[in-house]
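Residue numbers (numbering that gives the first Met the number 0), protein chains in the order written: chain F, 0 to 362; chain U, 0 to 362.
Watch out, some of these pointers could steer you wrong.
SDA-like mimics (lysine to any residue), calculated; alpha carbons at most 20 Å apart, straight line [as the list claims (entries may be wrong)]:
hint: 1; chain 1: F; residue 1: Lys156; chain 2: U; residue 2: Asp166
hint: 2; chain 1: F; residue 1: Lys243; chain 2: F; residue 2: Asp283
hint: 3; chain 1: U; residue 1: Lys156; chain 2: F; residue 2: Val176
It should be emphasised that the hints constitute simulated quantities derived from the structure, not laboratory data.
One letter stands for each residue in the lines below.
Protein chains: 2
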Amino acid sequence: MSWKITSDLIPDLARGAAVLGTGGGGDPYIGALLATQALREHGDVTVVTLDEVPADAVVLTVAMMGAPTVMVEKLPSLDEVTAPVHALGTYLGSPVTHIACAEIGGVNSTIPIAAAAALGLPLLDADGMGRAFPELQMVLPTLSGITASPLAFSDEKGNVGVLQTIDNSWTERIARVACVEMGCSVMISGFPMSGEQAQEALVPGSLAHCIEIGRGIVAAQEAKADPVERTVALLGGRELFAGKVVDVQRGTTTGFSRGRARIEGADATLSLSFQNEHLIAEADGRTLVTTPDLIIVLEHDSGEPITTEALRYGQRVRVISAPSDERWHAPEALAMVGPAYFGYDQPSHRFDGSVEEPLKVAA
Amino acid sequence: MSWKITSDLIPDLARGAAVLGTGGGGDPYIGALLATQALREHGDVTVVTLDEVPADAVVLTVAMMGAPTVMVEKLPSLDEVTAPVHALGTYLGSPVTHIACAEIGGVNSTIPIAAAAALGLPLLDADGMGRAFPELQMVLPTLSGITASPLAFSDEKGNVGVLQTIDNSWTERIARVACVEMGCSVMISGFPMSGEQAQEALVPGSLAHCIEIGRGIVAAQEAKADPVERTVALLGGRELFAGKVVDVQRGTTTGFSRGRARIEGADATLSLSFQNEHLIAEADGRTLVTTPDLIIVLEHDSGEPITTEALRYGQRVRVISAPSDERWHAPEALAMVGPAYFGYDQPSHRFDGSVEEPLKVAA
Numbered sequence: 000m001s002w003k004i005t006s007d008l009i010p011d012l013a014r015g016a017a018v019l020g021t022g023g024g025g026d027p028y029i030g031a032l033l034a035t036q037a038l039r040e041h042g043d044v045t046v047v048t049l050d051e052v053p054a055d056a057v058v059l060t061v062a063m064m065g066a067p068t069v070m071v072e073k074l075p076s077l078d079e080v081t082a083p084v085h086a087l088g089t090y091l092g093s094p095v096t097h098i099a100c101a102e103i104g105g106v107n108s109t110i111p112i113a114a115a116a117a118l119g120l121p122l123l124d125a126d127g128m129g130r131a132f133p134e135l136q137m138v139l140p141t142l143s144g145i146t147a148s149p150l151a152f153s154d155e156k157g158n159v160g161v162l163q164t165i166d167n168s169w170t171e172r173i174a175r176v177a178c179v180e181m182g183c184s185v186m187i188s189g190f191p192m193s194g195e196q197a198q199e200a201l202v203p204g205s206l207a208h209c210i211e212i213g214r215g216i217v218a219a220q221e222a223k224a225d226p227v228e229r230t231v232a233l234l235g236g237r238e239l240f241a242g243k244v245v246d247v248q249r250g251t252t253t254g255f256s257r258g259r260a261r262i263e264g265a266d267a268t269l270s271l272s273f274q275n276e277h278l279i280a281e282a283d284g285r286t287l288v289t290t291p292d293l294i295i296v297l298e299h300d301s302g303e304p305i306t307t308e309a310l311r312y313g314q315r316v317r318v319i320s321a322p323s324d325e326r327w328h329a330p331e332a333l334a335m336v337g338p339a340y341f342g343y344d345q346p347s348h349r350f351d352g353s354v355e356e357p358l359k360v361a362a
Numbered sequence: 000m001s002w003k004i005t006s007d008l009i010p011d012l013a014r015g016a017a018v019l020g021t022g023g024g025g026d027p028y029i030g031a032l033l034a035t036q037a038l039r040e041h042g043d044v045t046v047v048t049l050d051e052v053p054a055d056a057v058v059l060t061v062a063m064m065g066a067p068t069v070m071v072e073k074l075p076s077l078d079e080v081t082a083p084v085h086a087l088g089t090y091l092g093s094p095v096t097h098i099a100c101a102e103i104g105g106v107n108s109t110i111p112i113a114a115a116a117a118l119g120l121p122l123l124d125a126d127g128m129g130r131a132f133p134e135l136q137m138v139l140p141t142l143s144g145i146t147a148s149p150l151a152f153s154d155e156k157g158n159v160g161v162l163q164t165i166d167n168s169w170t171e172r173i174a175r176v177a178c179v180e181m182g183c184s185v186m187i188s189g190f191p192m193s194g195e196q197a198q199e200a201l202v203p204g205s206l207a208h209c210i211e212i213g214r215g216i217v218a219a220q221e222a223k224a225d226p227v228e229r230t231v232a233l234l235g236g237r238e239l240f241a242g243k244v245v246d247v248q249r250g251t252t253t254g255f256s257r258g259r260a261r262i263e264g265a266d267a268t269l270s271l272s273f274q275n276e277h278l279i280a281e282a283d284g285r286t287l288v289t290t291p292d293l294i295i296v297l298e299h300d301s302g303e304p305i306t307t308e309a310l311r312y313g314q315r316v317r318v319i320s321a322p323s324d325e326r327w328h329a330p331e332a333l334a335m336v337g338p339a340y341f342g343y344d345q346p347s348h349r350f351d352g353s354v355e356e357p358l359k360v361a362a
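Chain F extracted, bound-state conformation:
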């Protein structure tokens, strides 16, 4: 059944999106500001569940691409958010009927709300990952054979580009260098798909899930219960570690925020490696959990999610893990988003610590 996103839902949704964003996707409160402004100016957004989207719908994803460290300093205007959709609509020659989230993390859960409001289009209650990943080809639609291109990108200056590439990795490569040249942060719209394709390829219920998580944290805070425990239960995950942030190394290189954080606990030290999102959690050299499962840093008491660019020395945090969409564990999916892709020579470790078979996938 369709429902409405109203501005009073945005804070919970943004909070939940920051949890699922596993540290990446940019500061969700930046995106929340823009979504709130768009809803005020253009009215509420109708959210359509995947089972009701018409088979012949023309769905586009809308997202911000770039280094979160830069994205938080360059809040886009509504014109910038809608520019790539307009460019792609012109290129496709057919009217766009629905907007979807490419990822359900950080600003990329709220920016599509702003786009849908400004464009007067319905938004799907779904996303392409069920979490956040740093590169644009890293979505379930890629695994379903849906092409990222034609994909449009735009910057705050008014520059726009449209790419039509031979595969989704080339879309990422060309869009990434353009993004870096344009200031490390652009708006993108792509992955044109029919309603039928969206039903097959996307993760259902993402927006409602975000609101549920965000509400759960606030409700637990108000009830003096443990918000972290509540979140773990909602995600079907587990608590990995608790401690104090003692070191954060972070650089913005080749368009990403890359780095490591160390968290000192009672008996051990946890190390987190990230490229926009947390990729690997190790305790004293032993791998606990890796991508594609979710590694999430929450403030120790309030349970508020902390993004990678907001990690600071001295923060008391708890780190939790949660299962990703099961499709991310197929061999071709692990080849795209598993530890090896990011340069870590080890198999994928699921949220519960179980190790997946090392992969042999043809290049």
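Start from chain F and add chain U according to the hints.
Chain U alone, transformed into the frame defined by chain F:
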């Protein structure tokens, strides 16, 4: 009056284009091969002089963009040459009626012939520079307010992009990083203009001029006359220097061939600085000629042009200079292509050695 480009004209045209290419634009014989193949497969190309192009014509330039060092190793297919024109035609939504050369140097005088043949379109006897320059915004149409974008680019793998930018420098910046990522060599099509705009902005008679220069060199060779002298006369230039190449430093950086060559003469040493094209000629520290006027290296006896990537130790050469289109000496033009733009802190020196006033142009 319109005329036909037949395959027997290609060698002279390519030779003349290598002269006007001032060292850049890539090996003209590579482009000649492609043009000859296209003419054989698709028939002769009609060449339309600027005074007969209809005012409402839709003209696009076609060119190869990249480092000449790479371009010579990646001869494009006819499909690759026409791909950006097709992409741009789709984007513009109106049929393209004429093809034009962006520059009249190296492959970029012959590749448009191949494109026109394969597309079955007439080619203008004109170009955007009257020479070659390394960056795509460096054309007279930029000075006439004609936008480079929408501009399409494509590679040999099948990747295509279309840019719509706020100015021609941004087209260059984004297309250049895409070009580098795509392998340092792409085909581009852009600068959409009407016939009327083409008449105002382009250099007339470029293709006929190339053929005249190429024929002059061959005729002088056959008559045992001096081909260099003949070329100097045809260009209204002067001979600067004669000597032996004693040093060539060359690197392919940020998508360009950059370097310096030293030529030892009887009484002095000439130094040439280039970025794809020759930019500065100095003898013993004294500047003789700079961009935008033409600096051309010819083989000592045969008068055959030598491109920057073909310069080798031990070659006996003669260096000539020639005037550029007078529009390149306007203050705003010198700001775009004068020595200062390329990082040389000196005024422009014309082909005859006269020095132009140092410029004060707002950024």
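To see whether the hints hold, each was checked on the structure:
1. F/Lys156 to U/Asp166: holds (10 Å)
2. F/Lys243 to F/Asp283: holds (15 Å)
3. U/Lys156 to F/Val176: holds (18 Å)
The earlier numbered hints are all upheld by this structure, with none contradicted.
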